[in-house]
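Given chain V, put chain F in place with the hints provided.
There are 2 protein chains.
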Amino acid sequence: MPNFQAKVFVSLRPSVLDPAGEAAKSAATRLGLQGITSIRIGKAIELNISAPSEEEARNTVETISDRLLANPVIENWSFDLNQIDPSIPGKNL
Amino acid sequence: MPNFQAKVFVSLRPSVLDPAGEAAKSAATRLGLQGITSIRIGKAIELNISAPSEEEARNTVETISDRLLANPVIENWSFDLNQIDPSIPGKNL
Chain V
1 MPNFQAKVFV
11 SLRPSVLDPA
21 GEAAKSAATR
31 LGLQGITSIR
41 IGKAIELNIS
51 APSEEEARNT
61 VETISDRLLA
71 NPVIENWSFD
81 LNQIDPSIPG
91 KNL
Chain F
1 MPNFQAKVFV
11 SLRPSVLDPA
21 GEAAKSAATR
31 LGLQGITSIR
41 IGKAIELNIS
51 APSEEEARNT
61 VETISDRLLA
71 NPVIENWSFD
81 LNQIDPSIPG
91 KNL
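From first to last, the protein sequence lines stand for chains V and F.
Using the numbering used here, the letters of the first sequence correspond one by one to residues 1 to 93.
Using the numbering used here, the letters of the second sequence correspond one by one to residues 1 to 93.
Don't read these hints as lab results, they were simulated from the structure.
On a predicted model such as this, the values are computed, not experimentally measured, just so you know.
Using N, Cα and C, we set each Cβ at its ideal position, and we do this for glycine too.
What you were told as hints is all true, and nothing was included just to trick you.
In the DSS-like style, the derived pairs of lysine-lysine whose C-alpha atoms are separated by at most 30 Å in a straight line are:
1) F:Lys-25 with V:Lys-7
2) F:Lys-7 with V:Lys-43
3) F:Lys-43 with V:Lys-25
4) V:Lys-43 with F:Lys-43
5) V:Lys-7 with V:Lys-25
6) F:Lys-25 with V:Lys-43
7) V:Lys-25 with V:Lys-43
8) F:Lys-7 with F:Lys-25
9) F:Lys-43 with F:Lys-7
10) F:Lys-43 with F:Lys-25
11) V:Lys-7 with V:Lys-43
12) F:Lys-7 with V:Lys-7
Not everything, but these chain F residues come out facing chain V in the computed CB check (under 7 Å):
13) Phe-9
14) Ala-28
15) Thr-37
16) Ser-38
17) Ile-41
18) Ile-45
19) Asn-48
20) Ser-50
21) Ala-51
22) Ile-64
23) Leu-68
Isolated chain V (complex conformation) (with noise of 0.2 Å):
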């Protein structure tokens, strides 16, 4: 079975304040580091899929994201998926 991995980025929509990223910013300052207008944190997430195919691997990362990694309502996400062993057909043929 042909082995997958996906990067998922989720951001929280830019409408929705990000206290964590305003006390990093005045953190930073404090710190004396200058010119950073603005921070927003979200989640990179790494994960490791062995499935049939492309396909099939997408469409986990989709569920995956949409119903467990993401909260659909102040975020957005998106996601990179590449296979790690080329050698074994994953491709749809």
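Same frame as chain V, but now just chain F:
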């Protein structure tokens, strides 16, 4: 002053256990998702910086990553840096 955008990725070192990732993995199984062999949860931080040069922006990102955004004892960090408004010369000419 030129504007730059950095994306900092913070992830747990491979040797460090990831309880949140393990919890997400068992939740995914309960959701009926098959084939997920591992989940590692990290941070993706977006920074907007205005700095006189790319080099200064790079120094700021390195300092904030090392001293604020990541815990070097258990986490690794990496980042991408791009100038947002290439019209203003920010490169070291």
